[in-house]
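Engineer: These are the residues of each chain, in order.
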Amino acid sequence: MNLELFQTPEYHRDLRQLQEVDFVLLELNLYLDTHPGDAQAIQQFNHYVVERKKVADAFQARYGPLMNFGHSASGTPFTWVETPWPWQI
Amino acid sequence: MWVYEKKLQYPVRVSKCDPRMAKFLLEQYGGADGELAAALRYMNQRYTIPDKVIGLLTDIATEEFSHLEMIATMVFKLTKDATPQQMEEAGLGANYASHDNALYYSNAGGIPWSATYIQAKGDPIADLYEDIAAEEKARATYQWLINMTDDVDLQDSLKFLREREIVHSLRFREAVEILKGDQGAQKVF
Numbered sequence: 001m002n003l004e005l006f007q008t009p010e011y012h013r014d015l016r017q018l019q020e021v022d023f024v025l026l027e028l029n030l031y032l033d034t035h036p037g038d039a040q041a042i043q044q045f046n047h048y049v050v051e052r053k054k055v056a057d058a059f060q061a062r063y064g065p066l067m068n069f070g071h072s073a074s075g076t077p078f079t080w081v082e083t084p085w086p087w088q089i
Numbered sequence: 001m002w003v004y005e006k007k008l009q010y011p012v013r014v015s016k017c018d019p020r021m022a023k024f025l026l027e028q029y030g031g032a033d034g035e036l037a038a039a040l041r042y043m044n045q046r047y048t049i050p051d052k053v054i055g056l057l058t059d060i061a062t063e064e065f066s067h068l069e070m071i072a073t074m075v076f077k078l079t080k081d082a083t084p085q086q087m088e089e090a091g092l093g094a095n096y097a098s099h100d101n102a103l104y105y106s107n108a109g110g111i112p113w114s115a116t117y118i119q120a121k122g123d124p125i126a127d128l129y130e131d132i133a134a135e136e137k138a139r140a141t142y143q144w145l146i147n148m149t150d151d152v153d154l155q156d157s158l159k160f161l162r163e164r165e166i167v168h169s170l171r172f173r174e175a176v177e178i179l180k181g182d183q184g185a186q187k188v189f
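For the record, the sequence lines run as chains A and B. If you count the first sequence from 1, position 76 lands on 76 in full-length UniProt numbering, and the numbers rise without skipping. If you count the second sequence from 1, position 73 lands on 73 in full-length UniProt numbering, and the numbers rise without skipping.
Keep in mind that the hints were calculated from the coordinates and are not lab data. Heads up, the beta-carbon is just placed ideally off N, CA and C, and yes, glycines get one too. One should not assume that every hint holds.
Unchecked claim - Which bits of chain A does chain B cover? Going by a derived footprint, with three or more residues having C-beta under 8 angstroms, they are:
1. 7-21
2. 27-37
3. 68-82
As the list claims (entries may be wrong) - Computed Cβ-Cβ distance ranges for the label pairs, DEER-style:
4. B:Asn147 x A:Val50: 39 to 45 angstroms
5. B:Gly109 x A:Val49: 39 to 45 angstroms
6. A:Gln17 x B:Ala97: 42 to 48 angstroms
7. A:Tyr11 x B:Pro84: 32 to 38 angstroms
8. B:Gln155 x A:Phe23: 52 to 58 angstroms
9. B:Ala97 x A:Phe23: 35 to 41 angstroms
10. A:Gly75 x B:Gly109: 41 to 47 angstroms
11. B:Gln143 x A:Asn46: 34 to 40 angstroms
12. A:Glu51 x B:Pro84: 46 to 52 angstroms
Isolated chain A, as found in the complex (with noise of 0.2 angstroms):
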């Protein structure tokens, strides 16, 4: 495991950027919730659902998977396992 790359400030700026967009849209599902009928919101909500894929592809390609279970392509050998987990960062 290549725990350097994870302890640079590049990393903690872009999982940073990661964790910004998927709040914004972490509060605007809980929002949603509540106020389904609210159009301008779901605009919002449907705007940060593309930026949010492109902030993660490219998370991913540089640190790699996110996900299990398929969600997250793999690296050789099986990334999933060979990165570090959140606690340990």
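Start from chain A and add chain B according to the hints.
Structural biologist: Showing chain B alone in chain A's frame:
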């Protein structure tokens, strides 16, 4: 089903080894108003709640699991370098005797998590009022925990979690209003 994402919802940094604070944080790990109780409460209530609120309970329960992971990360980081002596001095001697430095679902007083902490009444208003109260109690607990540490990195993560309780409480209150509106509409018949 659930799929895991290999990242925290919000960064968790700690500036020192601090088993004393880790012990207090266990209140939000395996305590009555902690994240495990919250996640399991909402995840279980959703099967019998009216359809309009199932999405909200599912989504908040899922977010609670990410908060559980943040608390676990805090406890892990605060205790991973602690010696048995430091654990004992911090009041975690009994914890160490049984679990070494492993995490265990108990509250700050060492009492194991219990399903008696959570309810499911099959009555949507009763369930949602419990959920609102749970969020407010968790918010208060986060404030007491923030007051107990001078670690600004830890405070930052705890403040994020405190704010999430406020948002969840607000959403549950809106869910009550949605259900009240439906009840009112039925009275027309």
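Engineer: Does each hint hold? Answer for all of them.
Structural biologist: Verification of the supplied hints:
1. 7-21: holds (count 5)
2. 27-37: holds (count 7)
3. 68-82: Result for this restraint: holds, n = 4.
4. B:Asn147 x A:Val50: 39 to 45 angstroms: 42 angstroms Cβ-Cβ, so the 39 to 45 angstroms window holds.
5. B:Gly109 x A:Val49: 39 to 45 angstroms: Since glycine 109 (chain B) and valine 49 (chain A) have Cβ atoms about 44 angstroms apart, the given range 39 to 45 angstroms holds.
6. A:Gln17 x B:Ala97: 42 to 48 angstroms: Distance hint for glutamine 17 (chain A), alanine 97 (chain B) holds at roughly 43 angstroms.
7. A:Tyr11 x B:Pro84: 32 to 38 angstroms: holds, 34 angstroms
8. B:Gln155 x A:Phe23: 52 to 58 angstroms: violated, 19 angstroms
9. B:Ala97 x A:Phe23: 35 to 41 angstroms: Holds, at about 40 angstroms.
10. A:Gly75 x B:Gly109: 41 to 47 angstroms: With a Cβ separation near 46 angstroms, glycine 75 (chain A) and glycine 109 (chain B) satisfy 41 to 47 angstroms, so the hint holds.
11. B:Gln143 x A:Asn46: 34 to 40 angstroms: Once the Cβ atoms are compared, 36 angstroms apart, the range 34 to 40 angstroms for asparagine 46 (chain A) and glutamine 143 (chain B) holds.
12. A:Glu51 x B:Pro84: 46 to 52 angstroms: With a Cβ separation near 49 angstroms, glutamate 51 (chain A) and proline 84 (chain B) satisfy 46 to 52 angstroms, so the hint holds.
In the structure shown, a violation is registered for the earlier hint numbered 8 alone.
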